[in-house]
Amino acid sequence: MDMSVLPIIILLPLVLGTTLVSWLKKFSRGVTALGAIGVSLSSLILLLTQAKDVFNGATITQSWSWLPQLGINLSFRLDALGLLFCLLISGIGTLIYIYAYYYLSPKNSLSKLYVLLMLFMASMLGISLSNNLILLLVFWELTSISSFLLVGYWSNYEAAQRGSRMALTITGMGGLAMLGGFILLGQITGTYQIDQILTMTEKIQSHSLFVPTLLLILMGAFTKSAQFPFHFWLPNAMAAPTPVSAYLHSATMVKAGIFLLARLSPIFVGAALYHNIVTFVGLFTLCMAAFFAIFKEDLKGLLAYSTISHLGLIVCLLGIGSPLAVAAAIFHIINHATFKAALFMIAGIIDHETGTRDLRKLSGIWQLLPFTATLTMITAASMAGVPLTNGFLSKEMFFTELLANLSGPVLIGSAIVATLAGIFAVTYSVRLVHGVFFDGPLGKAVPNKDAHEPAFGMRAPATFLAILCILVGLLPALLVENIVNSTTRASTQLPNFAGTHLALWHGFNLPLLMSTIALLGGLCFYFALAKGGTIREINLDPMLGKFQGRILFDLFLKHLLLKSRQFKRKTENGSLQSYLIWIVAFTIALVAMPLINQGLTTGSRELTHAPAVAIVLWLLLFSACWMMLWFHHERIKAVLISGAIGLVVTMVFVTLSAPDLALTQITVDVVTTVLLLMSLSLLPQLTPYESSGSRRWRDALIAIGAGLGIGWIAWLILTRDHNSISWFFMQQSIPLGGGSNVVNVILVDFRGFDTFGEITVLGIAAIGALCLMDGMRAHGTTITQGLTYRFNPSPLMFRITASWILPLALVVSLYIFLRGHNLPGGGFIAGLITSLALIIQYIALGQDQAEQMLKAKSGRLYEIWIGSGLVIAGLTGLGAWFWERPFLTSAHIYVSPPLLGEMHLPSAALFDLGVYITVVGATMLLISVLGDSRHSSMTGPIVPKGE
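Just so we're on the same page, my numbering is the position in the sequence shown counted from 1, plus 11.
Quick caveat, the hints were computed from the structure, so don't treat them as lab data. Any given hint could be a false lead.
Claimed, not checked - With a straight-line cut-off of 30 Å between C-alpha atoms, the simulated DSS-like cross-links for lysine-lysine are: (1) 581 x 455; (2) 118 x 460; (3) 372 x 455; (4) 37 x 118; (5) 569 x 581; (6) 372 x 460; (7) 123 x 37; (8) 123 x 214.
To be verified - Label pairs and their calculated CB-CB ranges: (9) 719 x 582: 19 to 27 Å; (10) 38 x 783: 37 to 45 Å; (11) 806 x 597: 25 to 33 Å; (12) 806 x 586: 41 to 49 Å; (13) 459 x 783: 49 to 57 Å; (14) 771 x 593: 23 to 31 Å; (15) 70 x 523: 21 to 29 Å; (16) 601 x 202: 29 to 37 Å.
The beta carbon of each residue, even a glycine, is placed where N, CA and C say it ideally should be.
Please put together the full structure from these sequences, using the hints given.
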């Protein structure tokens, strides 16, 4: 097998699926559905080709370096546990795509639903295949985001908006806690590789950080799998379309927490705290949710609470932690996915055909939907644990393991709670069947009394799952025994586990007695609650009062919002000066606290006399800064003085033999000065003076404190010997980076990821300016006459001169760019030089003519440049992966083209090209926005367009 197939399984829905579905929507709904089904089937087939080997004990791994120094790699692992979940995700996903085609109305966007489902499928596949905790976390959070979008699919409904926000908030908070747990686990073990962590149980459990690690990871698992007290988000997520509920909230997303517990159980099993928390949280959730499900009036609400209950059963088994208990949990994961996905589909069929899913309106619809009723009876029987179904077998195993691993009063109490949960499960299952399909003649409240069986394609997925419920119940040893045992061995890391034998009959024993009590008790309880053909409505809200999860959640958000508004009113008063005071004061305090008691004084390094040139430059810098302080109320003068300060800094860099920094400083200084002049032309030329002398003294003290602090830290560093890492870059610049200009090699190779982030931020800033200025009319002001900031045509002599400057500047830019890897230069400096040349064209020709010459109407060309530059830089980094090298690792070759002679071509040049294009695009977009003729007028204040 090609090991790279593991990421391909994820990339198929993530990249191919989302792209293909978006493209196919222009043809027809049927073609779109076929595309989605085909992609899902492709992932399923790839998994099935490895099923035999993996379920026989093989483990397939693949890893690419990402940030190996931090232990973060693109590492994938396919063992029996991961394969089982991947098969459920892709298999049931395929059925959901078929079902969704028939369920969704033509007026709703099928392609939108498919794209979001593809994104979610890829996220869950990523969780199941991840062999690195940080990578798993990335996919984990992606499931939360995609679930948020899916639950809020019908964005016009308030319930969908509230449910999606609640799901994202709860699972997002859990994910944040889990991140903390993963980081602590990485600190304990020294690695984030899951397969390595699973071998360090003793080291982990004996560590002082074990308890917080365990609690934080359990927080993530419990929130995701809707365990008490975080269970309330799941019923509120039922506002999603039924295909979403059938997929996310029964078979996949809510199983993510289950998967995490199963994956990490080897490092937790044996710790009493783990067993106590997980076992009894699961047991309580099992019984509590089953009881609540009985009284739900919405069909999907009933199924939601039953899902929470069954998840509690699985969590309880994983909390018990014995190999047989884990086997029972694995078996019930399979069973629950089959009958619950089918039941949600059936709920959608009932709603689709009758026009309602309100249990108070539904009764006697057997005569309208006999086939659907039969499917419901089979799958509901499996959910209730009726003999001859798969649900009965795993429920028996649950009772058996509960009795075998507990003792004393705890055993008695747990057995009673488990039996009660079984009674409640039978009760809500009977209500689902009897209350909807029987319970007298066809209900008068049924909206559509002419309902009929849906199309075969809509029934087929549920029919297939219902058949599995029966077949697995009758032939468990033949169909799933090897899968369960193999998955148990992978989960427990016990390759010598003998396995469990799955059989329909285990004789007369106490678990059978508990099942019998549950079946008979559930029937009796249901009919005792029923009165006059309908179940008596019991409003549980007064019983719980303010302790309902939804109410507590709303109160939490309400108080959080109120407190944040109070804090905002106190700190955000619209004064930039106040904001700077808070930022600078906080920074001073943050830096001073760890240093103030260290007794830091002048170091032992030998001091030297300052050369004359340093004194001259210092005096120039002091003079320029003093002028800035004196003229800072006059905006234009302040900008020009800041430019002079930049020129002095450039001379400092030249004196210190830093030509790269000098070139960067002077080009940045010129471009920034031009941008600031254009921006400030929209404002009055004078800034208001401080309101009082006390504020001036306060500002002066803070400024002096900040300056002295920076000076003190600089003095401490400069007077001490330190171990520099510059030797590494000096030695490795040519061997590893292929260039003798160490600064440029650092930027495009050793620290290329930082540079990529910086140009991304630069592009975002330029596009942000475009968005902020869009639709605005910029004018002069009433305080003082505004400056004309739009570029108008200049005199003829200047225009002729500018026409020569552009080609010369482009040649210089090309020269600076090509030499950058070995001599001072590079893409950033070359991009700024090109931008300066283009700015001169704007000044000389006027904006309209300049943009017409560049074919850059309204700055759209510059947006394309920004995007193209980022794509080129990103693809250059990704290219290293094809040679199994870390992101942005450089390669270099020597070529000898005619006339030019031998040339050195590093791959980093492509990355530098992306930097060049992005810098030019971002700079020119800012110029274009600030000088846009749409914004030019000289009357009135700045107001939104149309007012």
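Results for each hint:
1. 581 x 455: violated, 59 Å
2. 118 x 460: Status holds; Cα separation ~24 Å.
3. 372 x 455: holds, 8 Å
4. 37 x 118: holds, 14 Å
5. 569 x 581: holds, 19 Å
6. 372 x 460: holds, 12 Å
7. 123 x 37: holds, 12 Å
8. 123 x 214: Roughly 47 Å separates the two Cα atoms, so the pair is violated.
9. 719 x 582: 19 to 27 Å: holds, 26 Å
10. 38 x 783: 37 to 45 Å: For residue 783 against residue 38, whose Cβ atoms are near 39 Å apart, the range 37 to 45 Å holds.
11. 806 x 597: 25 to 33 Å: Violated - the Cβ-Cβ distance for residue 806 and residue 597, about 51 Å, lies outside 25 to 33 Å.
12. 806 x 586: 41 to 49 Å: holds, 42 Å
13. 459 x 783: 49 to 57 Å: holds, 52 Å
14. 771 x 593: 23 to 31 Å: holds, 28 Å
15. 70 x 523: 21 to 29 Å: Once the Cβ atoms are compared, 37 Å apart, the range 21 to 29 Å for residue 523 and residue 70 is violated.
16. 601 x 202: 29 to 37 Å: holds, 31 Å
Against the hints set out earlier in the document, violations occur for numbers 1, 8, 11, 15.
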